[in-house]
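Q: Based on the sequences and whatever the hints tell you, model everything.
If you're matching positions, the sequence shown starts at 0 in numbering that gives the first Met the number 0 and goes up one per residue.
Just so you know, these hints were derived from the structure itself, not from any lab.
Note that the Cβ used here is the ideal one computed from N, Cα and C, for glycine as well.
Some clues are possibly wrong.
[Stated by the list, open to error] The calculated label-pair distances, taken between Cβ atoms and stated as ranges, are:
| no. | residue 1 | residue 2 | range |
| --- | --- | --- | --- |
| 1 | L301 | R34 | 47 to 55 Å |
| 2 | P158 | G431 | 55 to 63 Å |
| 3 | G164 | R266 | 29 to 37 Å |
| 4 | V211 | S165 | 17 to 25 Å |
| 5 | E27 | S365 | 53 to 61 Å |
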Amino acid sequence: MSDAHRPDHRGLPMVTPPDPAALAAEAEWLARVERRAAPARWAGYLRRGGPGYLQAALTLGGGSASTSLLAGAAFGYELLWVPWTAMLLGFFVLSAVAHQTLSTGQRPFAAMRTHAGPLFAYGWAIGALLASIIWHFSQYALASALVVDIGDVAGVSIPRMAAGGSILVWAVVTSQMFASESRWRARFDRVLKLLVWGIVACFALVVARTGVGDVGALFAGLFSFSIPEDRGDVSGLGLVISGLAAAVVVNMVFLYPYSLLARGWGRQHRRLARFDLLAGMLVPYVLATGLMIIATANTIHLDPEFAGSRLAPVDAARTLAGLVGPAWGRVVFNLGVLGMVLSTITLHMVCAAFACSEMFGWDFGSRRYRLALLLPVPGVLGCVWWSALSIWVAVPTSIISGLMLPLAYLGFVKLQRSAAYLGEDRPTGGRGVLWLGAMVLAVVVLSTFLIWYLVTKGPGYLGLLLGGNA
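A: Written out as structure tokens, the structure is:
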């Protein structure tokens, strides 16, 4: 591998950069795997993937949980098409990010600043930083409510602020360890796989106990592409846009290419990276969010006293408890959502610090980097400020964060077309046109829905978001 295409993994988090001997051995292994039949090749890829699971752990958080639970409760199976559509569009963009990063070995922020322009580069980085901070409030609001409800099942009264404080301590410790303990980072990378599939398993158990009421309606919802009329104070359009914005968020787009470089991956890993996005991010996300929609569609949607936008995750857990057991149902449901939120909180802190380090040239693990890890910490106030609000608070939050995503997508579209950046690795021919078209489609779909929302629904829900406990 030439110096121009050698992955620049200096100072990167996520894993300890492998030594040259390990990289050479992996390159030989990849060459052998590439000659195998597809099933054997996929089995080999499953053993070596990882960055895709990092994306799944980051996106499976409060936004995706809140949107999915409310979608099923309000509209049954009708919005099952949203999670897979949103993640598929994001997959096309992230696969292009992987292709660009692994083809050149360049750090993406510097590459975007040079080849797409400072507007796109700094807009992307600042958007990732702001999204990590903004999202923290609703993550803590949701996480603290879950901890309180788990304590209630155990007969222990836990104040909301105490729950939020304990989560904050956990998040600070884990994020600081992430910045220093390379052995811990490697273990965290492996734990993410177990966590992501554990989340899927939790909701699969819940659905297995509740059953599926109408199989025909379920399959129709997967491909309906419809926007339901509002049910009470729940906006069908708002949930569609929130689902599109929560699937792939700007901070995960920022963190992803660096997680590839941190592993020392290069051009020979491009096919592996695409498969890893499919198996480690798209499939678990679609399963987890789809199962959440089905769970509440089978239960709360049928309740004539549906609480509307005041529905909270603990309300969903208590409803399911009547079907799957008073303790078992609530604990499994709450643990599934809590696992999503805790991983997201830590990764938000890592992303905030890393965005700062790239913009300002700070060394990874330095004092400034460690202080930047704490930028999202005010989000702990979400367990108090939004304590009277319910699951709906995450919907306008995801939409506000989603406003920052089209700019990042456009930056990568420009990089995908840049011969100066990609050289001979720029996708051409029919495959290149289709790939670029899918990326442009992702930009158009997300931008159109966001503009539609801002014009028709935005002011009212923005007031809800800023209103706190009022």
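Q: Would you pick out the hints that fail for this structure and give their numbers low to high?
A: 3, 4, 5
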